[in-house]
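**Student:** Residues per chain are reported as follows:
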Amino acid sequence: MEKIMMRKMKDNQSGVISAIKVGGELGRRIRDMGLVPGATVKIQGRAPLYDPVAIRVMGFTLTLRNNEADHIEVEVG
Amino acid sequence: MEAKIALTGNPNSGKTTLFNELTGARQHVGNYPGVTVEKKEGTYIHNGDKIHVVDLPGTYSLTAYSEEEVVARDFLVNENPDVVIDIVDAANLERNLYLAIQFLEMGVPVCIALNMIDAAKSRGVEINAERLSTLLGNPVIPTIARTGKGKKELITAAVKMAQERERKDPLKISYGDDLDEAILEMEKAIKTSNFLTDTYQARWVALKYLENDKQILSKGKGINPSVSARLEEIVEKVSLHLQRTLNIYPEAMIADQRYGYINSIIKQGVIQHKYDQNRLYTSDKIDKVVTNRFLGPIIMIAVLIALYQFTFTYSEVPVGWFESFFGWLGDTASAHLPDGLLKSLVVSGVIDGVGGVLGFVPLIMFMFLGIALLEDSGYLARVAFMLDRVFRTFGLHGSSVMAYIVSGGIAGGCAVPGVMATRTLKSPRERLATLLTVPFMSCGAKLPVFVLLIAAFFAKNEATIMLAITLISWAGALLVAKFLRVTIIKGESTPFVMELPPYRLPTFKGLAIHTWERTWQYIKKAGTVILGISIILWAMMTFPGLPGSRVQEFDNMRETVKVAAGETAVRELEASREETKLSGQSEALQNQLIIIDGKEAEEGLRNSVAGRMGIALEGVSKWAGFDWRTNIALVGGFAAKEVVVSTLGTAYSLGEVDPEETGSLSETLANTPGWSPLVALSLIIFTVFYAPCFVTVVMIVRESGSWKWGVFSMAFNTVLALVLATLVFQIGSIMGILVS
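From first to last, the protein sequence lines are chains A and B.
Just so it is clear: in the first sequence, position 38 is 38 by our numbering, and no numbers are missing.
Just so it is clear: in the second sequence, position 708 is 708 by our numbering, and no numbers are missing.
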């Protein structure tokens with residue numbers, strides 16, 4: 001098991017969120033959408049300019065910018 | 001009995017569909033005071049009971065970070081609805097329950113609509129509604145909003161709750177020993193001093209203090225600073241402790257525990273997944289193509305062009321009907337009213353003004369039908385996803401593109417629906433920057449001005465110059481947006497954390513209601529503010545008028561030429577109709593009369609308030625190469641940009657010039673000393689950037705919620721335009737480019 005930031009994840013790679021390292025509005029938005037420690041995420045794809053990234057969590061698709069994904073630490077197998 | 005029900009739920013949970021299904025056409029759209037969030041209300045008759053339904057804005061949570069969330073929770077505490085119906089997307093139960101349990105924590109009576117159970121089923125998600133209801137202690141009713149299935153049962157359950165009126169204790173979730181202890185301590189302090197307890201539950205206030213909620217903190221400080229300080233002290237203490245021991249902030253802990261609580265509920269036999277949750281559904285397969293690195297942008301360009309074609313091609317016919325109707329109305333009024341001020345007011349002020357504005361109605365209807373189609377189907381979210389990287393560079397958001405395209409990003413749009421289209425943007429700062437810069441696009445009304453000037457001075461390079469104008473307006477808009485975002489609208493970009501909802505077929509009812517709402521809002525504006533402003537503009541171009549002696553002199557001149565032409569020619573001209581072929585003599589007379597009329601109109605215009613402004617402005621505008629005639633035309637352009645052409649016609653004594661046929665005017669300009677290709681270029685630049693037409697300004701005021709931004713856009717854009725035009729003219733003059 002290895003912990004990496006979400007930005008570094010490859011397409012179709014999945015993992016389990018281990019920490020959200022940001023507070024304030026961004027932290028709240030991330031958590032409100034179900035990105036909390038323990039949630040399984042999978043990289044669905046990236047926009048044509050490689051940013052933002054689309055991820056799959058709890059059965060729905062979510063987008064975030066790379067610099068926002070930088071605050072999310074994921075444990076990948 | 002009468003009951004008040006509030007609809008809440010996540011965006012894309014089918015909330016609006018349910019609202020439309022319940023209230024149909026019996027709905028009223030307004031704004032919450034002080035914010036730009038829409039307030040939708042309607043009524044539903046259930047077994048003879050009148051039920052007042054309020055559609056609260058869709059939210060994922062109840063923080064104080066967005067206007068929508070604050071509006072929703074303020075409504076719940078201030079208006080005290082009898083029941084809250086929380087619409088939950090059955091296919092996304094976990095995330096949707098996150099909002100539901102926050103309502104339960106507030107202690108409001110909640111009835112849950114488990115919506116889109118059909119879609120959930122097709123995704124292999126089976127939900128035991130009864131089990132969920134028992135575990136939550138609240139009614140859970142399965143529904144399919146788009147077919148109306150479950151609607152009756154839902155309302156019956158909600159009305160029953162309203163009648164019973166039993167207020168249950170708010171839900172208490174355990175947030176771990178440290179936080180639970182702090183909450184208890186805070187609750188005690190809150191209860192003993194009745195701190196905010198007349199509006200909020202004590203435990204809820206404690207939670208909000210732990211979540212560092214700006215709104216509740218400032219309310220608390222205002223009401224009782226010492227209790228507030230005491231609470232903050234407790235928060236501070238537990239926060240430090242949590243950070244030391246678990247490296248986590250209280251608000252993060254609270255969110256984690258809430259999801260933990262939801263998990264513990266749905267694991268008790270509430271939900272069954274037949275397939276892997278992350279398997280690809282049809283919607284994801286579509287996305288593989290539609291947001292593909294190569295195909296995605298191509299499809300997007302095709303869709304945007306199609307939207308544009310759809311709007312501006314198909315609306316042409318109804319726009320034509322409106323134009324001919326108002327043309328007929330104007331002619332009828334001219335024929336029946338006696339010559340004089342009243343006639344001028346009715347025909348040029350009221351009918352031309354309001355007619356010009358109502359002429360946009362079909363355009364706005366088509367535009368919003370197209371946008372609603374893209375939005376409701378889910379495609380708009382994909383456009384935002386694909387373009388965000390580009391627009392973010394300029395401090396904007398991926399969704400900004402729609403507003404720019406509509407406003408004339410492809411030459412020939414209109415800034416009025418463009419400004420209205422910024423509503424699809426949920427980020428306040430990005431939205432403001434977008435709606436202030438869309439007026440720079442080449443709207444359909446600026447085109448006649450460009451065409452006139454290009455025909456007069458750049459006839460050989462027409463296509464190149466038009467393309468250059470389009471590029472200049474895009475570059476200008478994006479750079480100004482960037483400038484605004486680092487100066488007066490500065491601030492962090494709003495997080496892009498956004499759902500890509502599954503593709504859905506929009507419902508006809510939803511599209512119809514959505515389109516009609518926007519159109520009706522626009523029509524209401526046209527009837528009030530816009531009518532007033534068009535009368536003021538008319539007055540500026542009419543008063544004070546020529547002194548009586550001067551009018552007499554023009555009458556004398558007309559008499560003189562008539563006498564010189566002889567009685568037969570005069571009689572022939574008076575008896576003639578438009579299509580009659582005139583004899584040489586009376587045609588000459590007609591031309592002489594037209595020249596005199598034109599001279600009189602020119603002098604009248606020059607003497608009017610607008611004319612005097614034009615002359616007064618010459619001191620400044622000469623640096624950009626404009627004389628008083630151009631200035632008057634530009635002042636007139638505030639009414640609508642194509643008026644620049646007709647006013648220039650009057651100022652050059654050609655009478656009113658039809659913006660569609662500018663041949664004679666271009667010839668005049670090309671041969672008038674003082675005009676040069678450089679002046680034309682400077683005027684083109686000025687036209688791209690200066691103050692938006694007043695209809696756009698009115699819409700900016702409406703959409704930004706403040707007159708401040710309307711005034712700002714007029715002042716800022718005009719100054720910017722003047723600076724740019726002056727630069728062009730001065731640099732060109734010094735370097736001797738295009739001077740003749």
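By construction, these hints were calculated from the structure, which means they are not laboratory data.
Since the structure is predicted, the reported quantities are computational estimates derived from the model, not experimental observations.
Backbone N, C-alpha and C fix where the C-beta goes; we use that ideal spot for every residue, glycine too.
Incorrect hints may appear among the rest.
Chain B stretches covered by chain A per the calculated footprint, using a threshold of three residues with CB under 8 Å from any CB of chain A [said to hold, decoys possible]:
| # | region |
| --- | --- |
| 1 | 86 to 100 |
| 2 | 147 to 161 |
Which chain B residues stay away from chain A? Per the calculated CB distances, all over 10 Å, these [to be verified]:
| # | residue |
| --- | --- |
| 3 | PHE310 |
| 4 | THR313 |
| 5 | GLY349 |
**Student:** Determine which of the earlier numbered hints do not hold for this structure and return their numbers in increasing order.
**Tutor:** Structure breaks hint 2 only.
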